[in-house]
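Just need the whole structure built from these sequences, with the hints factored in.
Which chain is which? The protein sequence lines are X and W, in order. Residue numbers for the first sequence follow the numbering used here, beginning at 160 and rising by one. Residue numbers for the second sequence follow the numbering used here, beginning at 53 and rising by one.
To be clear, the hints were calculated from the coordinates, so they are not data collected in a lab. Honestly, I wouldn't trust all of these hints.
[What the hints assert, rightly or not] Below, simulated SDA-like cross-link-like pairs (lysine to any residue); rule was C-alpha separation at most 25 Å, straight line:
#1 W:Lys66 to X:Pro243
#2 W:Lys77 to X:Arg409
#3 W:Lys77 to X:Glu317
#4 X:Lys375 to W:Leu67
#5 W:Lys77 to X:Arg524
#6 W:Lys77 to X:Ser380
#7 X:Lys591 to W:Lys77
#8 X:Lys375 to W:Glu62
#9 X:Lys375 to W:Leu88
#10 W:Lys77 to X:Arg407
#11 W:Lys77 to X:Ile508
#12 X:Lys375 to W:His69
#13 W:Lys66 to W:Lys77
#14 W:Lys78 to X:Ile512
#15 X:Lys591 to W:Glu63
#16 X:Lys591 to W:Leu67
#17 W:Lys66 to X:Gly599
#18 W:Lys78 to X:Gly611
#19 X:Lys205 to X:Phe226
#20 W:Lys77 to X:Val517
#21 W:Lys77 to X:Val607
#22 W:Lys78 to X:Glu529
#23 X:Lys520 to W:Glu70
#24 X:Lys375 to X:Arg516
#25 W:Lys66 to X:Phe377
#26 W:Lys66 to X:Tyr550
#27 X:Lys591 to X:Arg407
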Amino acid sequence: MKLPRTEDVWALWIGLLIFALSLGNLARLDLLGWAVDARVWVEWSKALGPTSATYGLPSVAGLALMFGFLLAILSAGARVLGYPAGRFALGFTLVFWISYACWLLGHNAYIAATPRERADLGISWSLGLTGEAGYIVALIAGLTLGNFFPRSVAAMQEAVRPEWYIKAAIVVLGGSLGVKAAADTRLTEAILFRGLAAIIEAYLIYWAVIYFIARKFFGFSREWAAPLASGISICGVSAAIATGAAIRARPIVPIMVSSLVVIFSVVELLVLPFAARAFLVDEPMVASAWMGLAVKTDGAAVASGQITESLIRTAAEQQGMNIPAGPMLMTTTTVKVFIDLFIGVWAFILAIIWVYRVDPKPGERVSPLEIWQRLPKFVLGYFLTFAVMLYCALNWRDVGADLQAASRQGDIFRKLFFVMTFFTIGLVSNFKKLWQEGIGRLALVYAVGLFGFVIWVGLLISWLFFQGAHEVFTR
Amino acid sequence: MESHDNQLAEELAKLPHEPLLPVEKKLIAGSLILGLALLGILVWLSYTFFPLGN
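So, in structure tokens, the structure goes:
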């Protein structure tokens, strides 16, 4: 079956390419050893470090190579997708370097160093946010430019594609989580099953209630209420678009809903991880599942999961509890990709109900192929890289160190895609839209549905399926 | 684009009332009933076959 030429498919290819290159480590081929990683720093000169001793390059040269490599593969994708090559290259150049500057700034020791690291770095205080603070810096930079200097965004416009970056990142992330999953297969099985169970509940309860509220109390027509319910309750932009197509809504309807989804996702991204740190340090897995169930859009959800993991691990460390890196982010990501996996199925169900019962038109039919057409293909990449690494780690014990090296190298690019996602989410979040005439009613139902219902029911579902799960780390 | 936005704003301000059809009510009720019924089953399956420290 021919794959469509979409950002989604190109995210899959790009993620798989980086994953395949990282696997060179298994054959003693250090294909990504030139990449550099950010370090927690006090002096700028120590902000970057090599990931491998193979090439012996200066760090700045490694960073320039990373830029050139990503520019080349993303430009190739952009060309196939029909984006203007020159404007994409210019835009990406700005997106990359601004994002990376934010990433490095977030690694400043006074922002990032955990209490345990302070002595080694020779500092007496720090915010203890870990290097992931770079994501927040990037988001704030994007929000500032997007809302106060909109003309500066015009130059980057062609490369402001947060969904593309996060989807590529999630494909790479699958491999990294696969290696970590091998450390405790029972935990992995439980996360997969409970994540699946949680999203089944979310689909069935969220959508029905939000649709009812939009129709009954806010007086929205079916054409507006269905994409709105999917946008608020399921998975933001992708779900709103899939639902709009399934019920044969005009294209402008899911587009309007999507613009709200992005704005509210940013609010969630800025608030929920910190709320989780304040109230859920004792239930880290609940916090992680909550991010996957409550925060809309792939970018904001997985990004929230990453920040929540960092914040809670640091807070738990101060309380003498050790939470390994991996299971928390795996929980958020698993919940999110399962939600994505079922968008096509849900859209298919809605299409059947609309075409045959709600608004029947002569000769109109629904094909099961719509499930495949609306399935975000990058989720296949996530499961593939996860399964490959899990299989290798479980069956080829003698290559454990090589798998770890492959995972580390892939992770460098994954983090880079993450930080570009944060920055570009900020750029596209135009809060002035909320004041646009007429959209207030949409925004109100969104706010009521999200903050009055979805967040709390998501927390309840997360608690039901993941409460006490962290004990697996401490027993 | 601005006039398009204005048209949409106008449309959103004057949406005609569409009463809930029986099929919509069935969809909402069926989804909630199934969700609540599965909740118990899935929680039981999770804690029985996929225990996690608890």
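Notebook entry, point to check: Hint by hint, which ones does this structure get wrong, listed from lowest number up?
Noted result: Numbers 1, 3, 7, 26 and 27, in rising order.
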